[in-house]
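Just so you know, the sequences run in chain order A and B. So the first sequence is numbered by the numbering used here: it starts at 8 and just counts up by one. So the second sequence is numbered by the numbering used here: it starts at 2 and just counts up by one.
There's no promise every hint is true.
Calculated pairs, DSBU-like style, for lysine-lysine (alpha carbon to alpha carbon, straight line, at most 35 angstroms) [what the hints assert, rightly or not]:
#1 B:Lys93 / A:Lys270
#2 A:Lys76 / B:Lys93
#3 B:Lys140 / A:Lys76
#4 B:Lys187 / A:Lys254
Source of the hints: derived by calculation from the structure; they are not laboratory data.
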Amino acid sequence: MQEQRGTYNVKSGLAEMLKGGVIMDVTTPEQAAIAERAGAVAVMALERVPADIRKAGGVARMADPRIVKSIQEAVSIPVMAKVRIGHFVEAQVLEALEVDYIDESEVLTPADDQYHIDKWQFNVPFVCGARDLGEALRRIGEGAAMIRTKGEPGTGNVVEAVRHLRAVNAQIRQVVATPEAELADLAKELRAPLDLVKKVKELGRLPVVNFSAGGVATAADAALMMQLGADGIFVGSGIFKSQNPEKTARAIVRATLHYNDPKVIAEVSEDVGEAMPGLEMATLEAKDRMQDRGI
Amino acid sequence: MRIGVLAIQGDVREHLRHTERAGAEAVEVRLPRDLENTQGLIMPGGESTTIGMLMAEYGLIDALRERTRDGRYPIYGTCAGLILLAKDVVGKSPARLGYVDIEASRNAYGRQVASFEVGLDIPALGGEPFPAVFIRAPKIGRMGPGVTPLASYQGDVVMAEQGPYLVSAFHPEMSADIRIHQYFLKKVEQWSTVHGVS
Chain A
8 MQEQRGTYNV KSGLAEMLKG GVIMDVTTPE QAAIAERAGA VAVMALERVP
58 ADIRKAGGVA RMADPRIVKS IQEAVSIPVM AKVRIGHFVE AQVLEALEVD
108 YIDESEVLTP ADDQYHIDKW QFNVPFVCGA RDLGEALRRI GEGAAMIRTK
158 GEPGTGNVVE AVRHLRAVNA QIRQVVATPE AELADLAKEL RAPLDLVKKV
208 KELGRLPVVN FSAGGVATAA DAALMMQLGA DGIFVGSGIF KSQNPEKTAR
258 AIVRATLHYN DPKVIAEVSE DVGEAMPGLE MATLEAKDRM QDRGI
Chain B
2 MRIGVLAIQG DVREHLRHTE RAGAEAVEVR LPRDLENTQG LIMPGGESTT
52 IGMLMAEYGL IDALRERTRD GRYPIYGTCA GLILLAKDVV GKSPARLGYV
102 DIEASRNAYG RQVASFEVGL DIPALGGEPF PAVFIRAPKI GRMGPGVTPL
152 ASYQGDVVMA EQGPYLVSAF HPEMSADIRI HQYFLKKVEQ WSTVHGVS
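Just chain A, same shape as in the assembly (with noise of 0.2 angstroms):
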């Protein structure tokens, strides 16, 4: 028989050997280093954490081919990078380097306002944030292979994400209650493909790995959003904008694994330093929110 590349149990194997992980933002070489070294199961390779985007303002793109490279020379964990929303032109350089999963993400400044990119004509992988189970399954039929409930970057403030992980999970809930011939009703409802919903009343979960991402700043953070039900976590800026990033990193991990064991969790959060200073909600303006781009 001949071999298959590029199918979708391909693509959505990758992100389920990541489940129980940690998948951090590095913008050089020495941070995946330090990322892999502290038990990171995968990189985020990116020119500016979150949190810098944030400060810096303008239009935020795609990394340097350069940077990615130089990541990918560094570890030899996964390195994914992220591409602005719909372009599919940044997607298929990416792809063209190798990184091993792309991020459709709301972090950049979108290209189009409104279609995201058709994610089935590419052999790499895709992860795509969501606020909401619509949205997630939105994102799935445009082929992502991974989903991480969005939160709302570079705050590292918690909150959006406990919101948003909370929304997917009452809504699969619903639909799981939901009796079959009302079934065409709901999809209508959260503007989502009916077959997907009909996967995940069967499932009992969205059918692909489901991570937490967008605010998660400390190792409690980290163990909170596992024991909501996230498969794994995304850390942006929390990490290299903390204190004491080798020991964040570590902690975060730890966390993670140990998610349901509080007294790990208390050991590995002693001493760690500073977290990365947060932002209340309330001061964002509603330019500055990010999970509203592409939804």
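Add chain B to chain A, keeping to what the hints say.
Structure of chain B alone, referenced to chain A:
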């Protein structure tokens, strides 16, 4: 029969389900105490660097050395698990058990774009080709005389065994086919009865 599934990170849920479907009780193993009353262990795919490091940190490598001392505790390693069972690893080598006399090279097929699935002939299982999924998979290079190859793909051995230990470079838990889990459970039965009492 009770089988542990190493639950540090990776495809844990799927191995638990396959093991149960194959007819054994399956328990998650995160700490040494979780190994109690298990007759064998499955080490799932994931990131071998991360898994090896955390196994060592939480005392699982030492606990497993103790558990395997009499040679009657079968372990099956898939993908990352294969690396953790390999005697030698090319390049950066993670903390591991190293019980199988092979040399493994990590991500040897290339990055994710080169990951693939294929129907694999595995004579020991018989019947239909096995739906094997290779994800950033390792390759087995050198193989010692005590190691028996069970399947090959394009000239490379992708599944092998040595005594109570079984390894595969691919993921057997990503389809509905449970024949490899059944094969492993048979091995567990064999090693705890024929080779002594469990």
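Right, here's what the structure says about each hint:
no., hint, in the structure
1, B:Lys93 / A:Lys270, "holds (32 angstroms)"
2, A:Lys76 / B:Lys93, "holds (19 angstroms)"
3, B:Lys140 / A:Lys76, "holds (24 angstroms)"
4, B:Lys187 / A:Lys254, "violated (44 angstroms)"
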